[in-house]
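Build the full structure now, drawing on both the sequences and the hints.
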Amino acid sequence: AQSVTQLGSHVSVSEGALVLLRCNYSSSVPPYLFWYVQYPNQGLQLLLKYTSAATLVKGINGFEAEFKKSETSFHLTKPSAHMSDAAEYFCAVTYNYGQNFVFGPGTRLSVLP
Amino acid sequence: ETGVTQTPRHLVMGMTNKKSLKCEQHLGHNAMYWYKQSAKKPLELMFVYSLEERVENNSVPSRFSPECPNSSHLFLHLHTLQPEDSALYLCASSQSGTVANPLHFGNGTRLTVT
Numbered sequence: 296a297q298s299v300t301q302l303g304s305h306v307s308v309s310e311g312a313l314v315l316l317r318c319n320y321s322s323s324v325p326p327y328l329f330w331y332v333q334y335p336n337q338g339l340q341l342l343l344k345y346t347s348a349a350t351l352v353k354g355i356n357g358f359e360a361e362f363k364k365s366e367t368s369f370h371l372t373k374p375s376a377h378m379s380d381a382a383e384y385f386c387a388v389t390y391n392y393g394q395n396f397v398f399g400p401g402t403r404l405s406v407l408p
Numbered sequence: 002e003t004g005v006t007q008t009p010r011h012l013v014m015g016m017t018n019k020k021s022l023k024c025e026q027h028l029g030h031n032a033m034y035w036y037k038q039s040a041k042k043p044l045e046l047m048f049v050y051s052l053e054e055r056v057e058n059n060s061v062p063s064r065f066s067p068e069c070p071n072s073s074h075l076f077l078h079l080h081t082l083q084p085e086d087s088a089l090y091l092c093a094s095s096q097s098g099t100v101a102n103p104l105h106f107g108n109g110t111r112l113t114v115t
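In the order they appear, the protein sequences are chains X and F. Going by the numbering used here, the first sequence opens with residue 296, and the numbers climb by one from there. Going by the numbering used here, the second sequence opens with residue 2, and the numbers climb by one from there.
Just so you know, the hints here were simulated from the structure itself, not pulled from any lab data. Note that this is a predicted model, so its numbers are computed, not measured. Glycine included, C-beta positions come from ideal geometry on N, C-alpha and C. Treat the hints with care, since some could be wrong.
Taking CB as the label site, the calculated pair distances span [as the list claims (entries may be wrong)]: (1) X/E361 to F/E68: 38 to 44 Å; (2) F/E57 to X/S323: 19 to 25 Å; (3) F/T17 to X/S307: 39 to 45 Å; (4) F/G15 to X/K363: 46 to 52 Å; (5) F/M16 to X/K353: 43 to 49 Å; (6) F/Q96 to X/L313: 33 to 39 Å; (7) X/T300 to F/N59: 19 to 25 Å; (8) F/T81 to X/N395: 27 to 33 Å; (9) X/G311 to F/T17: 50 to 56 Å; (10) X/N356 to F/R111: 22 to 28 Å.
Straight-line C-alpha distance at most 30 Å; calculated BS3-like pairs for lysine-lysine [stated by the list, open to error]: (11) X/K344 to X/K363; (12) F/K19 to F/K42; (13) F/K23 to F/K37; (14) X/K364 to X/K353; (15) F/K42 to X/K363; (16) F/K20 to F/K41; (17) F/K20 to F/K42; (18) X/K353 to F/K23; (19) F/K42 to X/K344; (20) F/K41 to X/K364; (21) F/K42 to X/K364; (22) F/K42 to F/K23; (23) F/K41 to X/K363; (24) F/K41 to X/K344; (25) F/K19 to X/K353; (26) X/K364 to X/K344; (27) F/K37 to X/K344; (28) F/K37 to F/K20; (29) F/K41 to X/K353; (30) X/K363 to X/K353; (31) F/K41 to F/K19; (32) F/K41 to F/K23; (33) X/K344 to F/K23; (34) F/K37 to F/K19.
If you want it as structure tokens, here you go:
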């Protein structure tokens, strides 16, 4: 079965520090990968997506993610954290025509002043 | 109005009530979804409609009944719910086709069952 793991249910960083949120997937076929962000009392908003083009994907709000097939990973990074980045982040994977999305459990990012 | 709109934003209902959640998408998508988000649990896919036909029913109890009258509207009818059904219910839409297009989510309905 398809699955997504996100190492660390809660990550804290200082403002201005590097953000690294981890995502690993299980797959025997090429995946399509997504990162979503959820702010309190809101739905999920797409940050970026990987659909087999460039392995380094740039998204909104200064985030980017790199697809590494050999490591089955799609980690999310941002060079310098901002207070407004505090939120829950979800990694998701889908295959074929994309109706069956599998989400990771999420990582809550806290940004300390 | 753009995007995916869900109403109501908050709902409190007793275990014997009947209520409905509404979702409307203004993106021209052909697939719509219901997800359940409970505290400390991954998002759970409940139902998928593609071209107004249900293509996925993820072993959801019959007290949840979806309805998709057209490609822009999706309902979730609720009856005789249990306290453990309290959660955030998220609607999403996507353009299903030959590439994996992302899901677009609404802001959800926060449901509390008393």
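The hints, checked one at a time:
1. For X/E361 and F/E68, the Cβ-Cβ distance of about 42 Å falls inside the hinted range of 38 to 44 Å, so the restraint holds.
2. Against the hinted window of 19 to 25 Å, the Cβ-Cβ separation of F/E57 and X/S323 comes to about 21 Å, which satisfies the hint.
3. Take F/T17 and X/S307: their Cβ atoms lie about 44 Å apart, and the range 39 to 45 Å holds.
4. Between F/G15 and X/K363 the Cβ separation comes to about 50 Å, which falls inside the hinted range of 46 to 52 Å.
5. Remark: the range hint 43 to 49 Å for F/M16 to X/K353 is upheld by a beta-carbon distance near 48 Å.
6. Between F/Q96 and X/L313 the CB atoms are about 35 Å apart, so this pair conforms to the stated range of 33 to 39 Å.
7. Between X/T300 and F/N59 the beta carbon distance is about 20 Å. The supplied range of 19 to 25 Å therefore holds.
8. Checked against the given bound of 27 to 33 Å, the beta carbons of F/T81 and X/N395, roughly 29 Å apart, stay inside it.
9. One distance hint, 50 to 56 Å for the beta-carbon pair X/G311 and F/T17, holds here, with the actual separation near 53 Å.
10. For X/N356 and F/R111, the Cβ-Cβ distance of about 25 Å falls inside the hinted range of 22 to 28 Å, so the restraint holds.
11. Restraint check for X/K344 and X/K363: satisfied, since their Cα atoms lie roughly 14 Å apart, inside the 30 Å limit.
12. For the hint linking F/K19 to F/K42, the alpha-carbon distance of about 26 Å falls within 30 Å, and the restraint holds.
13. Between the alpha carbons of F/K23 and F/K37 the distance comes to roughly 14 Å, so the proposed pair stays at or under 30 Å and holds.
14. With a C-alpha separation of about 18 Å, the suggested pair X/K364 and X/K353 falls inside the 30 Å cut-off, and the hint holds.
15. As the CA atoms of F/K42 and X/K363 are separated by approximately 27 Å, the hinted pair is consistent with the 30 Å bound.
16. Only pairs whose Cα atoms come within 30 Å are accepted, and F/K20 paired with F/K41 is accepted, the gap being roughly 25 Å.
17. Note on F/K20 and F/K42: the hinted pairing holds, with a Cα-Cα distance of about 24 Å set against a maximum of 30 Å.
18. Between the alpha carbons of X/K353 and F/K23 the distance comes to roughly 34 Å, so the proposed pair goes past 30 Å and is violated.
19. A C-alpha spacing of about 23 Å is found between F/K42 and X/K344, which places the hinted pair at or below 30 Å, so the restraint holds.
20. Note on F/K41 and X/K364: the hinted pairing holds, with a Cα-Cα distance of about 29 Å set against a maximum of 30 Å.
21. A distance of roughly 27 Å separates the Cα atoms of F/K42 and X/K364; the hinted pair therefore holds under the 30 Å criterion.
22. Proposed proximity of F/K42 and F/K23 is supported: the alpha carbons are some 23 Å apart, at most 30 Å.
23. Restraint check for F/K41 and X/K363: the C-alpha separation of about 28 Å stays at or below 30 Å, so the hint holds.
24. Using a Cα cut-off of 30 Å, the hinted pair F/K41 and X/K344 holds, with the two alpha carbons roughly 25 Å apart.
25. For the proposed pair F/K19 and X/K353, the alpha carbon gap of about 45 Å is over 30 Å, so the pair is violated.
26. Taken as a hint, the X/K364 and X/K344 pair is honoured in the structure, with Cα atoms around 15 Å apart against an allowance of 30 Å.
27. Between F/K37 and X/K344 the CA atoms are separated by roughly 22 Å; this keeps the pair inside 30 Å, and the hint holds.
28. Between F/K37 and F/K20 the CA atoms are separated by roughly 16 Å; this keeps the pair inside 30 Å, and the hint holds.
29. For the given pair, F/K41 sits about 29 Å from X/K353 by alpha-carbon distance, which is consistent with the 30 Å threshold.
30. The suggested pairing of X/K363 with X/K353 holds, with an alpha-carbon distance near 15 Å, which does not exceed 30 Å.
31. For the given pair, F/K41 sits about 27 Å from F/K19 by alpha-carbon distance, which is consistent with the 30 Å threshold.
32. For the hint pairing F/K41 with F/K23, the CA-to-CA distance comes to about 25 Å; that is within 30 Å, so the pair holds.
33. For the suggested pair X/K344 and F/K23, the alpha carbons sit about 28 Å apart, so the restraint of at most 30 Å is met.
34. For the hint pairing F/K37 with F/K19, the CA-to-CA distance comes to about 18 Å; that is within 30 Å, so the pair holds.
Hints 18, 25 from the earlier list are contradicted by this structure; the remaining hints agree with it.
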